[in-house]
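What follows is the residue order along each chain.
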Amino acid sequence: MAVPIDVTTGPGGPPEAGATSSGRAIEGRSLGQIAWLRLRRDKVAMGGGIVVVLLILVAIIGPHVVGNPDLYHSNLVDPTVLRPTGSFGGISLAHPLGVEPENGRDVLARIVVGTQYSLLIAFLATALSVIIGTFFGIIAGYFGGWVDAVIARTMDVFLAFPLLLFALALANVIPYSAFGLSGNTLKIAVMVFVIGFFAWPYLGRIIRGQTLSLREREFVDAARSLGARGPYILFRELLPNLVAPILVYATLLVPANILFEAALDYLGVGLYVPTPTWGQMLSIAVTNQYWQIDPWYMLMPGLAIFITVMAFNLFGDGLRDALDPKTR
Amino acid sequence: MKRRGTIATATAAALAALVVTACSSGGTSTTGTGSSGNTTSANFFNKGITQVMNPSTHKGGTLTYESHAAPDSFDGGNTYYAWVLNFSRLYEMAMFTYKSCPGQCGLTLVPRLATDMGTASPDGKTWTFHIQSGVKYENGQTVTASDVKYAIERTYDRSVMANGPTYYQAILTDPTYPGPYKDKSPNKMGLTAIDVPNATTLVFHLQSAFPDLPYVLAFPSTAPVPPSADTGANYQLHPLATGPYKFQTYQLNKQLTLVPNPQWNASTDPQAKQLASKIVMNLNVNQANIDSLLLTNQAQVDAGGVGVGPAAQAKIETNSTYKADAVNPINGFARFVYIDTKVPPFNNLHCREAVEYAANKTTLQDAWGGPIAGGQIASTVNPPNIIGFQKFDLYNALSQPNGDVQDAKTQLQQCGQPNGFSTTMGYRNDNPQETAAATALQASLQQVGIKLTLKGFAGGTYYTSFCGDPAYVHSHSLGLCAGGWGADWPNGYGFLDELSNGNAIAATGNTNIEELNDSVINNLFAKANTLTGSARDALWAQIDHQIMTDAGILPEVYQKSLIYVPPSATNVYVQTYYGMLNYLTIGMSSGS
Amino acid sequence: MIFFIIRRLFMTVFLLLVVSLVTFAIFFLVPRLAGQTAYQLAAQYVGKNPIPSEIKTVETKLGLNAPVWLQYGRYIKGIIFGTHYNAGPDVSYCPFPCFGYSFRNQQPVWPQLMSDAPVTVSLAVGAGVLWLIGGVAIGVVSALRKGSFFDRFSMGMALAGVSLPIFFTGLLALTLFSYKWQIFPNVHFVSLTANPVQWAKNLVLPWIVLAFQYAALYARITRAGMLETMGEDYIRTARAKGLPERRVILKHGLRSTLTPIVTIFGMDLGLLLGGAILTETVFSMQGLGYFTFLAIQNQDLPEIMGVVLLASFFIIIANLIVDILYTIIDPRVRI
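Note that the protein sequences, when read in sequence, are chains A, B and C.
Residue 18 in our numbering sits at position 18 of the first sequence; the count goes up by one each step and never skips.
Residue 735 in our numbering sits at position 407 of the second sequence; the count goes up by one each step and never skips.
Residue 997 in our numbering sits at position 77 of the third sequence; the count goes up by one each step and never skips.
Same shape as in the complex, but just chain A:
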């Protein structure tokens, strides 16, 4: 499945600094300030951003606040049809999102703990992709020549892998304990690796493209003529100008990784049962056919994924619009 990163349509560099605002004394504004102003005006993007912040808070604080996600409440489930006895999936004050069919576990608690895992894995995987992708992208774009050729061919190799198949295969092959880790710790490490490592070329290509156009700019020439060498130019001149696209694509990469992780859970290679994750709740809804007897149970993790991904997408879109006026 394609990573839903929109390809930039133009060479797109960072907008010029120094735009004036109407009426007041003319001050130079930094890129960050301009972008922030534009972002603030975009209500939808800000909405997304707020939801993102809320989600992160839920992920950090939530698991300590809600009840035990693994506790069975068999009394709330009808034993012959395995459906929660309350209506709407057993919603009540004690269980605001209802209970799971068959065992009566609290859905809210499971969704909240699932938030933690989803965000953790998605952020870590994104970080991995960003670090590797930025590193190789800058080097390929700046040095050109055979360095670029090798890296570009490597990226081709990575892009030739059927990503989901690979992730599925790799996650399935790792036993319960290996390489010094075991259980869910190992599984999280494997999933971060599998999601983040194979996806770096998507970011790498974009960074490479940006670097290619940036290195022709005057400020690079100026720095060089002043005696600056490669690493200085890379890290003090180019990298700051790349922060914008990195930030944008990282923000857009997170929701893709959340979906990817949910897909792996759905296919059965996610974290170990009974750890609650959204994809797994959907998977249980499918394999045990709960979605036919208790559709509310299926809706909850689906909505959780939807809201999270949507929020990140909206925020990322807004960020990109704020940083690059051409896409208005």
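Hint data in this document are derived by calculation from the structure and do not stem from the laboratory.
Any given hint could be a false lead.
What the hints assert, rightly or not - Some, not all, of what chain C presents toward chain A, calculated at C-beta under 8 angstroms:
{"no.": "1", "residue": "Val939"}
{"no.": "2", "residue": "Leu941"}
{"no.": "3", "residue": "Ile1103"}
{"no.": "4", "residue": "Ile1197"}
{"no.": "5", "residue": "Thr1212"}
{"no.": "6", "residue": "Phe1213"}
{"no.": "7", "residue": "Ala1231"}
A virtual CB, placed ideally from N, CA and C, is assigned to each residue, including glycine.
Model the placement of chains B and C on the given structure of chain A, informed by the hints.
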């Protein structure tokens, strides 16, 4: 006596009182009224356990089976799946089979290709069998005894036939026979354990007395295979038929079509019927699809035989029309937890008994699917459909199904761990119900202070490398291991021997996971091999009782299946041994 | 141009070799690194209750006890020159391309792949046509009517499309259209040659679900690209020349937006042809994706290798075709 056996019954006590009807015979007469057409007596819930549902003699129609998986192999010599053992009888005649009748009657072993139950020598080490003389393959060739010997020989080459049971190597002399493909002798008849003095006689030589040999010969590995037609690993694509049906087309992993075998003679095979004019089995179909096809009468049988999914279960339970056509048999599979007697602190009997008392049986039952689709709470190792079953309850599993915390705490005091202890439990993490059961057990033992660390393993290597490897179990202190068991034949030997006999403890693929080496049990097994009949059958309950006294096993449930029978299927009932519908007799109603 | 294609074909072979190497390493090396022995590996492929000697036999038969590089060498050699397989009484032979024999049912992998391929191809191509036309059309109209209700609504739907996991939308679709309202009962694959009407009817639901997700993305890209392009000078010139509006939009405006769309379409279709695992498992269509899923569950290594190589092949070829199409669409691009 392997894990995934195929047995089903209602409880022995209930059955004893019920009338057993409808013993089917060849395509000529059936009990019940109606020359052609559908039921005249109405169906009711669980009718199919003791009576025939939709009796009919109507011939014709296309019978559709839906299977949610692919078989390990349709070659009788290379399969161990319960439903394939049942289904393969449609195209292959093994030496023996189970009687085609509902109720307790279905546990009876009867000759099929054989002419009688065989004769054993006085020391029990030599058996003589005769096979029928008029049976032909689908190509007109006549079946001879050497074909049966060849069929058995094939199963010795495990590089080609890796899936089937391994009884012959364990029971017969000449266990190192390399298989016919590496056999240097003329006619490939090199297995010295079986003699073929003439075209209809087989003589088996055993390592020691084994009264259950005819049960072993009920496996489809005794269905004859002519050496000239054997294509080894490819034989599964078209085994030569001796049963009422033969292969027409087989698309691997997709669809199998069977048509009537014109060479089949009904008088040689009274347990089978040849009613439908075509049988189609669709493979790898989604379970939800299968259930909806059954409920809308578009397919007749769910081949897997383990029952409908939760959604269909809800529909059946709440709709009286559907419910009348459903059966809920015990399928002969039991789920339990092994308590390893060699891993501290379980080397102390009272610590084991604490677990027996503390476990919350209701949550375990829920984990397996509830009282209908999951199973019945168990208090014995033997499920009720085993010959020789007796009910007893040493740890209040039935009287206090939510766990007996008080008695558990008393036992903890007696084993010197008044505040509980910690241990590790192994289970298969790719089996969602087993995972749920392990979680439920963890929660219930927590209440008396026993802290369980759950350790999951992949199902494929669980028995070979982890819970079934005593060295691993000891080094990782796996005090508890989840497991399940189904007998390969319906008596206590088939069920209990591998589970509890001291000599069954093996270094890999161990089935006596609780590592019981109790001389009382061992002696009872030895004694069983010298007796026959009801004296022998009486021993099974004693062994069961001793295992529970030793608290080597914590029984969870006797599994049940909820099977739905669409009105278009005729002559349907639960074959007690397989715990699923008898595939040998099903036909189509005239309405299709 | 010819040289370009030849060079890329060599590249394809090279890439496939690399993919095969990495896949092989994952399945054969990683378990070793994680501490499993060949014996434990072989134990997965026998029936219940095996005898120890049996596991050793299977270990030898499957070649698991040989060093990994040797197994890999044999595997590659087998693909090119075909493999002989001991089926028992005689020896089977499968010619090029021979992806070996399944560890489970001992049947050659390639014919199994080929029999599953039509399902995935039907699914991918059908959905691809839908989402390309639908997505681009919506994107164009949204760009032209920027700010209108249609624009906001369609972009909102598009956002929903990329934010919902496909197994969720698929499930919803199944619940509503297949089980509750019985509009598409019993969704399963019917071959095109057997019954074209039923083939199309049973595929409508998966097509729509798949297309919904991708069309959303394409609509967004098209809209963004069109917005940028339509503001360019040459569009104004074309209009000033008196060209009909439709010509302006399609021939001049859309043309330059097509490049990124074609890129992504190629990649997406290539990936999808390799097996739409999620869609196929939800709708239980037995295509390459479902085949992969089962093969991985069964740890059937030859089947997994076969399908991964086939999937990679599709991806690489799709990229090649995309690059060739570039020269047609964008005359500035020189090979």
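Hint Ile1103 of chain C vs chain A: min CB-CB distance below 8 angstroms?
16 angstroms, violated
For the hint on Phe1213 of chain C, just tell me whether its beta-carbon gets within less than 8 angstroms of chain A.
For Phe1213 of chain C, the interface hint holds, since the closest Cβ of chain A sits about 7 angstroms away, which is under 8 angstroms.
Hey, does the Ala1231 of chain C contact hint survive, CB to chain A under 8 angstroms?
Interface hint status for Ala1231 of chain C: holds (4 angstroms vs cutoff 8 angstroms).
Cut-off 8 angstroms, beta-carbon criterion: hint that Leu941 of chain C touches chain A:
Violated - the Cβ of Leu941 of chain C stays beyond 8 angstroms from chain A, reaching only about 10 angstroms at its closest.
Taking 8 angstroms as the limit, does the beta-carbon of Ile1197 of chain C come near enough to a beta-carbon in chain A?
Holds, because the Cβ-Cβ distance from Ile1197 of chain C to chain A comes to roughly 6 angstroms (cut-off 8 angstroms).
Please verify that hint: Val939 of chain C, Cβ, nearest Cβ of chain A, below 8 angstroms or not.
At 6 angstroms from the nearest chain A Cβ, Val939 of chain C passes the 8 angstroms test, so the hint holds.
Under the criterion of a CB-CB separation shorter than 8 angstroms, is Thr1212 of chain C in contact with chain A as hinted?
6 angstroms, holds
The structure shown violates the earlier hints numbered 2, 3.
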